[in-house]
Amino acid sequence: MTMFHASTEQLELIDSFTRPLEELFAPARLHKSESDYGQWVTGAEFGWFGISLPEAAGGIGLGMVEEALLFEKFGRHLVTPGFMAASLAAKTAYLCGDAALAQQILNGELPVAMARQGAPGAGVTLVDAASAKLCLVLSPQGTALFHADAVVERQPLDAAQWSIPLQSARLAGNAAAHAATQKIGADVNLLLAAQLTGIAAATLDMAVSYSLLRQQFGAPIGSFQAIKHYCTDMAMQVQAAKDMLSFGAVAVAEARDDHRFQAASALVVATRAAFFNTAKNIQIHGGMGFSAECDAHLYLKRAHVLDTLAGGLKASRAALRRETSIFGKDAA
Amino acid sequence: MMPEMMPEMMDESPDDFRARARRWLRDNVPTEHPPVDGPESRAYALAWQQRQFAGGWAGLTWPRAYGGRELPVLQQIAWFEEYARAHAPSTHNALFVGMNHAGPTLIACGSDEQKAFHLPKIMQGDVIWCQGFSEPNSGSDLASLRTRGEVQGDELVINGQKIWSSYADIADYQELLIRTDPASSRHHGLSWVICPMDAPGITVRPIKTMAGPAKFAEVFYDNVRIPLANIVGGLNNGWKTAMATLSFERGTASLALQISLSQRVEELIAACDDVALGETLMDLRADAAALRAMSYQFAIKSESGPVGSEGSMIRLYFAELAQRVARVAIDIFGIAAPEVLAVHGLGYDYFDAYSETIAGGTAEIQRNIIAERVLGLPRGSR
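For the record, the sequence lines run as chains W and P.
My numbering puts the first sequence at residues 1 to 332.
My numbering puts the second sequence at residues 333 to 714.
Pulled out of the complex, with its shape left as it was, chain P reads as follows (with noise of 0.2 Å):
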């Protein structure tokens, strides 16, 4: 199913493009609020997602080939910016992984096969998508991973385990890195898999996040059965395509979220008349204005090929901006208040971003790697 193209998409300005952006989110934006976990942030997830596509707003970057609107990154920071002004569903949710992380990695190293497949499900709010990187003794040290698949005529068979996979009970596929080469160490003979959820051997563990809702799980493969055909970017050489992953996750994944702090900073700084707040909320007003002059630079560059490790430095900034919005709006309406209570409210928004210096690798391990691939600091112990 193709979007209809509607005639004055063609050669439209930038502040039409605005406008016909700012009118569909107020005529669509759901008003019910997002269940926190569950099958039914499942269904409201795709729906949502479903919507937009169908109004032609899904993939705004992503290739025309495979049913992506191939527009330039400004037109997306511009869609983001309407999007977060119309308090239209956070994109952290259950989409994030295969919007911000599976898709653009098919994208980049995928064969085509596998684009043809995969890209018009995820745009079009087909499938769910999450996350197999992280193991029990592979945080941030994750290329120490042992989750196992060893080579049998056309398939893999998996043994291991995964955890802290977001979204992982109500997911179709998972982006999974797996040691494939049993002879190999560290980055070395690793492999990206598309893993199917439903494939037998498969069981989910649920775990409850600070912030109260079951959003990631733990995951054990037990001779899970997957066709060579799914491992994307090559046998044994899944630490490349990781990379890959994780350099979106560190650059444009999160530019709908920076661009919407800004949003939330300004709706602090209207509800709030306390005076000792008052320079907190301007340094946090002044960071998140040049958290978005950063998002625009590093989204701008982009364009025109690969950025390196500056995203990082963004992703970071972010990261830490968002906590301490998120902490000071605590401080301004207390922890009684019904805006703090309330569900996907300025509570959940304050335990939640606890994760944020922490999921896709640590704030640590992202200084250590700015430290040294940015700044040419020599590498040392950890």
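Bound conformation, chain W alone (with noise of 0.2 Å):
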């Protein structure tokens, strides 16, 4: 039987492997606390760094759709991004012959950070990086991972600006890759797409429920068309959004010849739905959901570090362009 999406046997097996994260990363943490690092055990101790991985290398030994369907949860309690530089890392090492390495990563001995770099040579951005032992650099040339000693010159960003830490930094002149592949282009690609795929879910849930709870003229304001007209299409954009991500995660999968075509797709139509809900959601919230204490700040901002990260939409939309549809004329 041919798969084209998610079972529901997979849905269900991830719904269990991620029921802590309602108690431990609620996303009213932010809050207080911006860093996620406190948490690091717990998340290999779960096992949430090698799912993909094989078991004889320490991981879980499921694939890349349990792998999607996890970092969508992660997306949507705002979990660190540093979860997904685990993630890569391990597989970065693993790919690179260094089972030792992604060893130490999947249990939790060498905490990691994300980061961006433009182009060669350019600037990195760094994101909630004060812990990490290893640096996790994705850049238009692949995933390569680094000491964390190699990324130098870090200036703090605004923390409170984008509530997560931040830092500009450069890579040392001399710093030499632990491991570096360029293989994971589509792996990398979901696991963004499914961290903003969350957060473009998380915010539907969170306009629907205030529709319902917020009372104006002597009804809820989401009996309004106004109201439901917005709901409706943020809906929409999650359907969009959830749907193109588990076709191109079994694409990646089962090693399709598009599979490189879904996950950049995926990609591009699950930032733009991350961006269009966390703006309604702060809309639909009003006086409520332009103050700090709201949770709908911390949804937009998040989506714009994961955007960041990705190297923007500009870039994922270029990305995307490189790749070969099977209803293109050179397809076969």
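None of these hints come from the bench; they were simulated from the model.
Using N, Cα and C, we set each Cβ at its ideal position, and we do this for glycine too.
One or more of the hints may lead you astray.
Sample of chain W residues facing chain P (criterion: CB under 10 Å; computed from the structure) [claimed, not checked]: (1) 220; (2) 243; (3) 244; (4) 248.
Since each chain comes alone in its own frame, lean on the hints to assemble the complex.
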């Protein structure tokens, strides 16, 4: 039987696998503490860093479909991008034959931070990196794993503005990567798309709940067409992002000819869904939505951070342009 | 007439099925353009349907008992994908109502006699169907309709008027929604009836669309007599039957069109060297890929039971994406290009796409339905 979407079993498995998120990663935690490194060992103990690596390598032995579903949940809970860094770092080390390094990442000994470099030699943007021992650098050249010491001249950016610690930095001139690969671009796109999809879904839920609760003119605001239509637009964005993610993840897991195209599409769709929904969620919450006490802004800001790690929507579209659709002229 | 059952169809792998579809389409897709309206468009649509039936490609998911092939929906999707790649005639033609509304509605709600009589005729390309739901004063508020059918003996006597009835001037049958209980109001007391378009008392006045062709029509009923046996789903139970019809319209009816959007976007990407439009085209490309992913999900789910109102979401996503694709084509080529001006060219597609967010329930009504039935928001004033 040919699969095109995540199965019910896969969805249920990830639901049970991520139950601790509700308690440990309530989004409101970010009002008090913006870094998730206090939970690093927890993430390692739950096996969240190696879900798609073989059991022999210390992973859970599942595939990219399960990993995409896991990271959709991480997006919903605004889990630090460091968890994505850990997963990609372990995979990069594993693919480069450094099983010992992969193992140290998987068991939580070596916390990893996520960084983005726009071009070779350019500066990097570092996310939530204070306690990290390793840095996973995404760039148009692929995925490279560095020792944290190799990322120098760190300047803290205004942390309060983006609700997560950010630094600008650069790679030391003599820095050599522990491991690097160009082979997991589709995995990177899927994990970013998954978190952005989770953000779009969480903000839809938040907007619908508030529309049922909030009364004006003697009725829930969700009974007014203007609000209904916003919520419907948000729901369509979520449906598109979720189905695209699931379809793309299965394409990657099964190594279909067009899996890179599907993963690149998933990122473009999910990024736009996250930006649309986080903005509409703020609008639906009115004055409350504009207040720092409300969670709404946390989702918007995290969408920007993930988009930055992806290189920006412009770059994501340009990357999609380089892929071939099965409907394209040159396609088989 | 049954199509010849070729031995290789048994236990054929999905790849082999697809390859066989591709070969057949390569050899059989008509090279001449479809006429836009009138008797020529009828003849063209029926001939193309007859050719597909003879090749064994009609009614792929329809019940075997009525001449269908009863194949899994994934094979239907594979056929539509190859259909799009082969540039076969758009399924948004005179056959659309029969294949995608009336046929599926009869399969779901029709009597054995109705199914045995009508389904083979639709599938074999013998007949054209049209829809008779909207009235001049009943558009988005369909349940307010007033065309009446009075029960006299074993007949209904119908008086009233329908509008926006696509292909009514060339159709053999109409799916007609009327009020059969004069004391009723709103969605109670309606009936869904099969109306033969040659019945005495029917007058059809074609109306030109903004895209040019006279593709839809007003239909007037003056003491039109139709047997009670033509009621589908029971007397005064027509709202339920009509909702089944609309669930197809809002569900799988547009599967072929949804899938063909990816093909159209790829053609625009290949034709466009304007860097300024590159980002727009990549959004369209990604959204068309997402639509395809949604269509697969919905079609597969719909095989194991009713899927509910989320079909409305996909239908609306498709409608608005189709309009964006049609529009960017004009931006790429300009209004004076031969590709735009041609019969059935990009200009025609662009204008025709304006119907996508109106026909089958406006985008605004769809949004209300999605908000209330999928998201659980409360009903309010319109």
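Going down the list of hints, with the structure as the test:
1. Hint status for residue 220 of chain W relative to chain P: holds, with the closest Cβ pair at about 6 Å, below 10 Å.
2. At its closest, the beta carbon of residue 243 of chain W sits 4 Å from a beta carbon of chain P; the interface hint therefore holds under the 10 Å criterion.
3. Checking residue 244 of chain W against chain P: minimum C-beta separation of about 4 Å stays under 10 Å; hint holds.
4. The interface hint given for residue 248 of chain W is met, as the beta carbon of that residue sits about 7 Å from the closest beta carbon of chain P, less than 10 Å.
Violation of the numbered hints given earlier is absent; every hint is satisfied by the structure.
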